[in-house]
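Participant: Residues per chain are reported as follows:
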Amino acid sequence: MSELQLNDVRKSYGNFEVIKGVDLDIKTGEFVVFVGPSGCGKSTLLRMIAGLEEITSGDLTIDGERMNDVDPSKRGIAMVFQSYALYPHMTVRENMGFALRFAGVPKAEIESRVGEAANILELGPLLDRKPKQLSGGQRQRVAIGRAIVRHPKIFLFDEPLSNLDAELRVHMRIEIARLHKKLATTIIYVTHDQVEAMTLADKIVVMRGGVVEQVGSPLDLYDDPANLFVAGFIGSPKMNFLKGIVEAGGTHVRLPDLGNAIIPVRVKDATPGSAVTIGIRPEHFGETGSASLDLTIDMLEHLGGETFAYARHGDGELIIIETKNGRGLKSGDSIAARFDPAAALVFDADGRRLR
Amino acid sequence: MNKGSTRIAATIVTYGFVGLMAFLSIFPFVWMLFGATNSSIDIIKGRMMPGGALATNVSTFFTQVNAPLVFWNSAKIAILATILTLAVSSLAGYGFEMFRSRHRDRIYSALLLTMMIPFAALMIPLFIMMGKAGLINTHLAVVLPTIGSAFIVFYFRQTTKAFPSELRDAAKVDGLKEWQIFLFIYVPVMRSTYAAAFIIVFMTAWNNYLWPLIVLQSNEQKTITLVISSLASAYYPDYGVVMVGTILATLPTLAVFFFMQRQFVQGMLGSVK
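Chain order of the listed sequences is B and U.
In terms of numbering that gives the first Met the number 0, the first sequence opens at residue 0 and continues consecutively.
In terms of numbering that gives the first Met the number 0, the second sequence opens at residue 0 and continues consecutively.
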């Protein structure tokens, strides 16, 4: 049974529709990440699930019960906010027990649950401190602890790592993954960082302009994106997009921006002469493969284990190439970037994937 | 003139100006202190030294004035006005900032416009209103017109902008109703703002003169400011006694300020840390 369902859920502010009909099934214990650029509606959708924003139309059900008009505290959810939202006048212990105190939970039970959460998150020594006496990472752990003590059916995380520095982000990301494994509770997590989405999610929901573009496992979205937007959004560095024209027979594509190079990419059901976009991930370039592009290296980024070469043909767009053997490369070098045509993805003029 | 001497001249002018301002601020206070120790004649002569008439002045003040009663009257009015103003104005400021409605900004602008109306223009209608309500010569008549302070509403709305909306969201998820969010989250988080507003409102209410003069008619209802004024306007005013009264009237506001000055400064700088 699906634990959380969204059926044609919409949200409008006056005449302006920000969520344009979302259908989604989230199963018990799943780690679902809403990802998308700023303004895509992912946080609004999360807040609608939390009950902090009204649902204009459509249905939200949790465990089969319609929740549209149910108070946030009665939905069986707990939320972790981007700015932590810890009550500054309360100690860590009081912050964590506050919701339980309001729910009329006996004092001993509150103490026990706070202690349990503090153990899980290693917050024991900090319980009597105020939020201002804690570091960013500690505050985030308290915010998570405050959610844990409520024993929610669903955890909602709204960009919880955005305020942390890079090192702490990685650390907290691992903590959250570990926590999910330990608690086995459903988590809905919002982020604009696709690395967070890829590393944490069982299922990613890619959003743009209030619409769900694609839902799938991280590797499904990476290997098999439904459209140009998802292909470009998932993966770092980004997928390379090359403008192409389908040749007669549909077995080859000509690349006008790359000196009219012809590559053996098959395009099904395409009219010869129609415009397509070829997508190639940076790691798919190599020294072998039947397709080849003549490029000149513009810039190099040596990361130690791998190298990113930014190359172009003439004055064309930059193409990113990831290689393990890039230490000998120099800016200005001419290279033949080869790839297997089977690894190339083809998109039509509207950005839809042609399979 | 070279750069060095220009800088010295600028420093002299700055210090001179600051010194003059400091003198103008401190002089009445010093004069009040010295005046309380001198006889009325010495004060009129302009004596600016401590004198030996303090005990006489204090004794005369307590003979002429029913001090416990007038201080009680002042305290009652000031505390009541402060508590009610803070309660009403902070709720209004919170409401204006937190809740969106089509007419919010129009209503808020209208409220701010009331600050432009001089009190002299409101005195007569207010007096008639209080008369019809049967409140003339009561302390409630002094308190009621002060509690809907547009300035304090404005102050609370501006400081509420720094109140993180996520705290309100977190409280909603924790199961708090709107009034509980206000009482258990907003009020404690904004305590510096309340402290600053407390000082401003308390001082204004304690020093209020014109409106109490109009509505309080019997001696049993009068406040310390009215009593000092009546001492000063006697046929032969005893300035030494007036100064003693003034010092005593200043003490409560000074005490409030000293107890709350740290919170006051924080409140003025922005209370949410």
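These aren't lab readings, by the way, just hints derived from the structure by calculation.
Careful, some of the hints might be misleading.
[What the hints assert, rightly or not] List time: in silico EDC-like cross-link candidates among lysine to aspartate or glutamate, alpha-carbon distance up to 20 Å:
| hint | chain 1 | residue 1 | chain 2 | residue 2 |
| --- | --- | --- | --- | --- |
| 1 | U | K176 | B | D192 |
| 2 | B | K73 | U | E219 |
| 3 | U | K171 | B | E52 |
| 4 | U | K171 | B | D68 |
Participant: Each hint should be assessed against the structure and marked as holding or not.
Facilitator: Quick rundown of the hints versus the structure:
no.	hint	in the structure
1	U:K176 to B:D192	violated (34 Å)
2	B:K73 to U:E219	violated (57 Å)
3	U:K171 to B:E52	holds (11 Å)
4	U:K171 to B:D68	holds (14 Å)
Against the hints set out earlier in the document, violations occur for numbers 1, 2.
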